[in-house]
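Residues per chain, in single letters:
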Amino acid sequence: MNTPGSPAVGMVCTGVRAEERMLAEAFAARNVELHVIDDRTIHGDLSSWPAGFPRVDAVLLRSKGHWRNVAIAHWLESLGAQPVNASRVLETCGDKVLTTLALLGAGVPTLSASIAFSQESGALAAEGVGYPLVVKPVIGSWGRLIGKVNDADALDLALDHKEALGGAPHSVTYLQRFVPTGGRDIRSFVVHDRCIAAIARTSAGWKTNTALGGKATGLTLDPELKRVSEAAAAAVGSGAVAVDVFETDEGYLVNEVNGTMEFRNSVATTGVDIPGFVADFVLEQFAQRAAVAR
Amino acid sequence: MSVAVATECPVCAGMVGVPGDAMMGELLDCDECGSELEVTQLTPAIEVREAPMSAEDWGE
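For the record, the sequence lines run as chains A and B.
My numbering numbers the first residue of the first sequence as 32 and each following residue consecutively.
My numbering numbers the first residue of the second sequence as 152 and each following residue consecutively.
Same shape as in the complex, but just chain B (with noise of 0.2 Å):
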């Protein structure tokens, strides 16, 4: 794995590790409030979201 970057957190505002190899809509959890994040942009800069609650349907 390459090497971590940190971007905001959009939920709390702290600082969330991303991996250097993170892909497309991966699912991180801010270390600081909990919260699930998903990658949305990998270039020029990473930025991140909060994801989507669970729905009804969701699972396995």
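Chain A on its own, in the form it takes in the complex (with noise of 0.2 Å):
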């Protein structure tokens, strides 16, 4: 392990996208040694440290996979390491259920949510939201499995499907008010309780995931953009997140919350060093446990 003065760091991630690449450039910026480590090859007694893991100062967690990512937080953690971001905010981040109940708990404004756990809850769930709605797999990402339902004859449908083709994270199905938003909607980026930059989405359709093709383009942070979403953040557990708002007659709505943020087309759109105030947050952590330490 190095000294506190100089730190080594783990980033843990399934392949390098633009993300790490970016996140390693930010790491050699500032001189700190990095260890990148392939979550496909970490493996281990779950008593002792990983193999395949060096031990390392500070460990950022990057993995696409919710269930590695939790996996491995709970195990740093219960070995006494602090990765970032924390169990408690991937687990949070990467379930909707619990994203929902975290931000109604904290007093958050967010968009109204049903759960159901069969074809008939779902349609009485349904009546209660109201249609059009929204239907989310509670797990998963970029827009995959999202369904703007029209009807209830819809609904029977994708709720036949979840039934009958889903796995056991379809188990649970989680309907959303639908918010007419124009195909456009706000990404904000929040780093250590602080709100550091925001994107505009745009797209010809409902769904504004890059992922899909959606186009970024920087905005300007105004005072309750910033309140709405360090408020959601905090609301997750803090750490490093990325919050989807919605613009809505009733004010910003926060959508989802997102514990291993995506940010290849938000820095230069924003002109904000996201990767540097990534590091530099993984560094705080750790200096912050060498203090204690002393």
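Worth flagging that the hints you see were computed from the coordinates, not collected in a lab.
There's no promise every hint is true.
On the chain B side, residues computed to face chain A include the following (Cβ under 7 Å) [as the list claims (entries may be wrong)]:
#, residue
1, Gly171
2, Met174
3, Asp182
4, Leu193
5, Ala206
6, Trp209
7, Gly210
8, Glu211
Partner residues aside, some chain A positions facing chain B, computed with beta carbon under 10 Å [what the hints assert, rightly or not]:
#, residue
9, Asp69
10, Ser78
11, Ile170
12, Leu176
13, Ala242
For each label pair, taking beta carbons as the anchor points, the in silico distance ranges come out as [as the list claims (entries may be wrong)]:
#, chain 1, residue 1, chain 2, residue 2, range
14, A, Pro85, B, Gly168, 26 to 32 Å
15, B, Glu183, A, Asp280, 46 to 52 Å
16, A, Gly214, B, Ala206, 26 to 32 Å
17, A, Phe148, B, Gly168, 47 to 53 Å
18, A, Gly161, B, Glu159, 50 to 56 Å
19, A, Gly138, B, Gln192, 32 to 38 Å
20, A, Leu77, B, Pro170, 35 to 41 Å
21, B, Glu183, A, Gly244, 17 to 23 Å
22, B, Pro161, A, Phe148, 30 to 36 Å
23, A, Asp304, B, Asp172, 16 to 22 Å
Don't be surprised by glycine CBs; every beta carbon is placed ideally from N, CA and C.
Join these two chains into a complex; the hints should help.
Following this line, the structure appears as structure tokens:
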């Protein structure tokens, strides 16, 4: 293990995407020894430090897989490490039910959502939500398997497919109020309780995910957007997160919070060094722990 | 960025440009067939393989 002044950082990922490369460059610019750890190589007895995992001072978790991220986070935390993000953040953000409950519990403005556990109860829940609505998988991202449902017949089909084709994660149906946004939403970036940047995402369709072709443009932060974004981040446990926000007649409403945020389209468009903020956050976490230990 | 090198795409056998400063595990797209590839070896020669398909729980 390195000395406190010169930490070694482990970055766990599933292949090196643009984001991981940008983060590696940010750590290199800070003269940090970075170990890129492929999550497919990690293994070992849960009572000891993972094999295939160097003894680093700080860990940044960037696995693509929700379950891997959560498992590794809990494993490391049980051994005294404090990964970024923490297991609580990853668990909450990776599960839309937990995200909604966290937002509601903290009084953060969010879209109303219902859950159900069968086709019959799904139909009843939908009556409460009202049509059109959006059916989302509880686990998953990038706009996949998300459907706008306009009426009861379409819902019946969607729930039939989930029951027939879906695995265990589809045993919970998450129904969210559809909010017409004109094919635009906001993604804000919060690192260590501070909203540092935001983009607007626009699309010809109602899904704005950049993974599906949504276009990103830089957005000037206003105080209310900062407040809502930072409150959403705090609700899920702080850390480094991206908050998806809708602009509505009711004000800003938080749609989702992302615990393993992607930002490749947001650095040039905002002019904000997002990977640099994340790297600094990881190093600050280490410095605080080192100070406590001294 | 240092000079790129080319290697064969394991999917379409086309040539894939790999940045000279590529990292182990770096993900690349084949310009010819669009496959996502990952770097599995840097030395003595660059090697790539097809990257795994997205799993249901993958995301942000």
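Hint check results:
no.	hint	result
1	Gly171	14 Å, violated
2	Met174	5 Å, holds
3	Asp182	16 Å, violated
4	Leu193	12 Å, violated
5	Ala206	6 Å, holds
6	Trp209	4 Å, holds
7	Gly210	2 Å, holds
8	Glu211	4 Å, holds
9	Asp69	5 Å, holds
10	Ser78	26 Å, violated
11	Ile170	5 Å, holds
12	Leu176	8 Å, holds
13	Ala242	9 Å, holds
14	A:Pro85 / B:Gly168: 26 to 32 Å	31 Å, holds
15	B:Glu183 / A:Asp280: 46 to 52 Å	48 Å, holds
16	A:Gly214 / B:Ala206: 26 to 32 Å	28 Å, holds
17	A:Phe148 / B:Gly168: 47 to 53 Å	50 Å, holds
18	A:Gly161 / B:Glu159: 50 to 56 Å	55 Å, holds
19	A:Gly138 / B:Gln192: 32 to 38 Å	52 Å, violated
20	A:Leu77 / B:Pro170: 35 to 41 Å	38 Å, holds
21	B:Glu183 / A:Gly244: 17 to 23 Å	21 Å, holds
22	B:Pro161 / A:Phe148: 30 to 36 Å	43 Å, violated
23	A:Asp304 / B:Asp172: 16 to 22 Å	20 Å, holds
Of the numbered hints given earlier, the model fails hints 1, 3, 4, 10, 19, 22; all others are met.
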